[in-house]
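Using the sequences and the hints, build the whole thing.
Line by line, the protein sequences are chains A and B.
Taking my numbering, the leading residue of the first sequence gets 1, the next gets one more, and so forth.
Taking my numbering, the leading residue of the second sequence gets 1, the next gets one more, and so forth.
Derived by calculation from the structure, the hints in this document are not laboratory data.
Only a predicted model underlies this, so the values are computations on that prediction, with no experimental measurement involved.
Some clues are possibly wrong.
What the hints assert, rightly or not - Some chain B residues flagged as far from chain A (calculated, every beta-carbon gap over 12 Å): (1) Val34; (2) Leu68; (3) Pro71; (4) Ser72; (5) Val107; (6) Phe111; (7) Ile136; (8) Leu144; (9) Ile189; (10) Thr190; (11) Ala191; (12) Ser225; (13) Arg255; (14) Thr273; (15) Asn280; (16) Gly283.
Unchecked claim - Quick list of the computed label-pair ranges, beta carbon to beta carbon: (17) Asp303(A) with Phe33(B): 49 to 55 Å; (18) Ile221(B) with Leu302(A): 57 to 63 Å; (19) Met181(B) with Leu119(A): 37 to 43 Å; (20) Gly363(A) with Leu286(B): 21 to 27 Å; (21) Glu120(A) with Met181(B): 36 to 42 Å.
All C-beta atoms in this analysis are idealised placements derived from N, C-alpha and C, irrespective of residue type, glycine included.
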Amino acid sequence: MSQLLDLQHVTVDFQSKNGLLTAIRDVSLQIKAGETVCLVGESGSGKTITSKAIMRLIDYEHGRISEGSIVLDGVNLAKLSQHELRGLRGKKMAMIFQEPMAAFDPVFTIGNQIMEAILEHQQVKKDVAWKQAIHLLERVGIPEPTLRMKQYPNELSGGMLQRAMIAMALACGPELLIADEPTTALDVTIQSQILQLLQELKAEYQMSILLITHDMGIAAEMADRIIVMYAGRVVEQATSEQLFEKPHHPYTRGLLRSITTIDSHRGNRLFSIEGSIPPLTDMPSGCRFHPRCPYATQKCLLDEPPLFEINGRQTACWHGEQLVESEDGIGKSEVMPPIAVIEPKHDQHHSTLQRQLLFDVKGLSKAYPVGKGLLQRASSLIHAVDDVSFTIEKGETFGLVGESGSGKSTLGRVLLQLEKASKGSIRFQGLELTQLKTAELQKDRRDMQVIFQDPYGSVNPRWQIGDIIGEPLMVHEDLDATVRRERVEALLEAVGLKRGWYERYPHEFSGGQRQRIGIARAIALNPSFVLADEAVSALDVSVQAQIVNLMQDLQRDLGLTYLFIAHGLHIVRHISDRIGVMYLGKLVEIAASEELFLHPAHHYTKGLIASIPVPDPKQKREPFSLQGEIPSPANPPSGCRFHTRCPAATARCKEEPPAWQEIQRGHWVACHHPA
Amino acid sequence: MKEVISAKTVWQAPELQANAQRRGREFDVSQLFVYASGLVILFYVLCALAPQWVAPYEPTLMMTDKILSPPSSTHWFGTDYFGRDVFSLTVYGSRDSLFIGVASVLVGGLFGGALGAFSGYIGGIVDTILMRFIDIVMTIPGILLALAIAAALGPHLFNIILAVAISAIPGYARVMRGQIMSIKSRPFITASRSIGTPHRTIILRHVLPHSWSPLLVMATIGLGSSILIGSGLSFLGLGIIKEIPDWGALLSQGRGYLTVAWWICTFPGLAITLFVLSVNLIGDQLRDMLDPKTSRGR
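Here you go:
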């Protein structure tokens, strides 16, 4: 096979007011025709810049290719003018983006935008283009393509839009498809569908795919070859099997060890690479990874390692060869070293019969009116949470999972009375929350705190972090200013930040550090309960591990109870004692964490678990995933709400909503035909 | 885990630093303008408070031998058709003009801002009704509304201020409401609610500090138009009738002589322009100083 794409020593500079900044340096990579290459690394490693350099989209962001060549099928893209490039984009190479919502123009119909792509490159009549577009939409698995053509982007779900985006990219049969985190914004079930679609289309259109991802699981599943980037440089390049078998570069090793899988032991702490990726303005000397590398020597500090050819692959590490030789088999045996084995908590949970209940939720519902105006009555109700009952015991971590739109975040908000429940009761430490008056509620809030998803938006940017963390103390405790400052500084230290950072502002911190600020604030009042609403979803894998470890340490030290809402299933499994699964506002299954993953009873849970990519290229899983998408909560299916997507659905499921039954001790499920 | 599409993630840090550097380089020039503006405003205030210290002539003194003489070393801004010194007239005229302008902006901004803040924070049906009412008021041109109010209340300084202020209220209310609405839905407000912070504290410590910088900028720009509307009213005979005309009256009186004596309305006009410009520069500086991102610039 010949090389389709050949990058040689590409360096990209950005013109900033600060002078020239080098974003990626000396990047060389090749993609053969029909090959899938994955580019992996943490955010800030230069993956996206590399892909945009190939498309030459960096020209529009004050960037330029200062060195090297990018040859696509014999043409050096680095030398072409934007005018000449326009003829190639879409035709030879096409790109799909992370946020399908943002990548479509909201004022034109889907059809309009796909046709535009076709008409740009092909001399065809409009009605021919229209037919082609319908055909494409059909091919990427969009139901009722004729109808969709006339719809606007906001009328389609994220998954549908990503399919439409792919259809648009395929419009002129490109030879190279660049996919920049195409599934990061999507649910695991939809992610698995999209990845499967990409695999099929690759064979059908004989394309090469450059897939950018931070998820090693996706890389294992999709890639023929994997290229690892760190701080703007390629640090390792190998075939997928080689890489997972024996990672050569310490960074790759760290990345692989950061993954939580279904096989990793729940009692262990998560592995994380210390520190974070350096900013472009402050690159370390020598090997850029040396400040975070456990094997760094004097040489690493002084000299930058080139890409060495070792064992038929490439690695940019001075000690690559020795490391592999001296610690043979390191990739496998050392994946999860037991650092501090904590007794798994669910065992205690089973042994103690009746533990103290912190939350007792019965028949909780939350409905939002739709189409309500000044003079109109609400035309219908959306049941975001519908008749949900469960308990949370003191000291445990209760995980809540489900696709977006399943109502898990709403449930969390209603539990904390950030929104009023429509029906049902919530008893918290024996207190009926739904009956409380505003003033009483404000007092009781000190016992239940929240860690929010968005570490950027959930802090007031005008406040110093000392004041942000001190706000709960200010509201609930009448403290002297110096005492409060002392308390806040102690909190800063407790979450791994420096005391001296009291007077800094939020914009001076990275995402992971801001999440630590959020945690410090949440524990300031020694609450008994903390809701973590997607608290780690916005973070890189290794940073995620740092935060989860911190949360577990704090739980042990302060006796916290967590409700952990997330869509990253492995993380939930790791941190939770029990897990509840939600679908369309209903709780469909509750079980102890291990039990749920080993013996899922509800077919929805089964589908969710099967959708998680396995970070092992040898275990390419059978393509079982949930079909379809979550229906609109405004008009939920009759009977069992899952019957439209359930492989085991019968006529009974259509008619009769399943009752809540205990199939094993502590394992509850709402299904007529549990697996 | 999520990576922002553009290079923003990567570039955030350098950009901030670049900003800091740029600020460093431009420090002298922009700071110079701000100081100059401060001096200009001080001078205007002096003119308004103690015109006799600044003006070389009595504003009412008619020098019949010097009717319509162009600017010279004795009469810097020339003289008008009565032989009065235009510079002295401008200095004396600043008192009423500035008072009307500043007072009406304060009254209008305060009431409009409060109305908008209330409407935006409460939301729901109260908001709908208030905003429809504001919409109706907004359909009437500002000058016409001020005219109607001034005509109904009679020519008195406070009535003029009231008229100008009321015509400005809808604009301030709209801007404030939009600002409050967008701040209200920011996650850090929910975060603050979740720890049990009372409403009053949320409004005072979280919402308002984020909302009033656009209002500030709007007020500095509004000062100019308030002065002009006040002047317009006095031109139409609805202003305060006095021997000493304010800037607006000066402008309108001089308008008829524009072809033969350009200086009569040009200099008062320039006086207004210079004042508004200075206030705007100070307003910008204030806004930057109030934002931790730009003031620390790290």
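Hints and how they fare:
1. Val34: holds, 22 Å
2. Leu68: holds, 54 Å
3. Pro71: holds, 45 Å
4. Ser72: holds, 49 Å
5. Val107: holds, 28 Å
6. Phe111: Holds: least Cβ distance 25 Å, greater than 12 Å.
7. Ile136: For isoleucine 136(B), whose nearest Cβ neighbour in chain A is about 15 Å away, the distance exceeds 12 Å, so it holds.
8. Leu144: At roughly 29 Å from the nearest Cβ of chain A, leucine 144(B) sits farther out than 12 Å, so the non-interface label holds.
9. Ile189: At about 8 Å from chain A, isoleucine 189(B) fails to clear the 12 Å cut-off, so the statement is violated.
10. Thr190: violated, 6 Å
11. Ala191: violated, 5 Å
12. Ser225: holds, 30 Å
13. Arg255: Given that every Cβ of chain A is farther than 12 Å from that of arginine 255(B), nearest at about 47 Å, it holds.
14. Thr273: Holds: least Cβ distance 32 Å, greater than 12 Å.
15. Asn280: holds, 23 Å
16. Gly283: At about 18 Å from chain A, glycine 283(B) clears the 12 Å cut-off, so the statement holds.
17. Asp303(A) with Phe33(B): 49 to 55 Å: Once the Cβ atoms are compared, 50 Å apart, the range 49 to 55 Å for phenylalanine 33(B) and aspartate 303(A) holds.
18. Ile221(B) with Leu302(A): 57 to 63 Å: holds, 58 Å
19. Met181(B) with Leu119(A): 37 to 43 Å: holds, 41 Å
20. Gly363(A) with Leu286(B): 21 to 27 Å: Given a distance of about 54 Å, which is not inside 21 to 27 Å, the answer is violated.
21. Glu120(A) with Met181(B): 36 to 42 Å: holds, 40 Å
Violated hints, in rising order: 9, 10, 11 and 20; the structure is consistent with all others.
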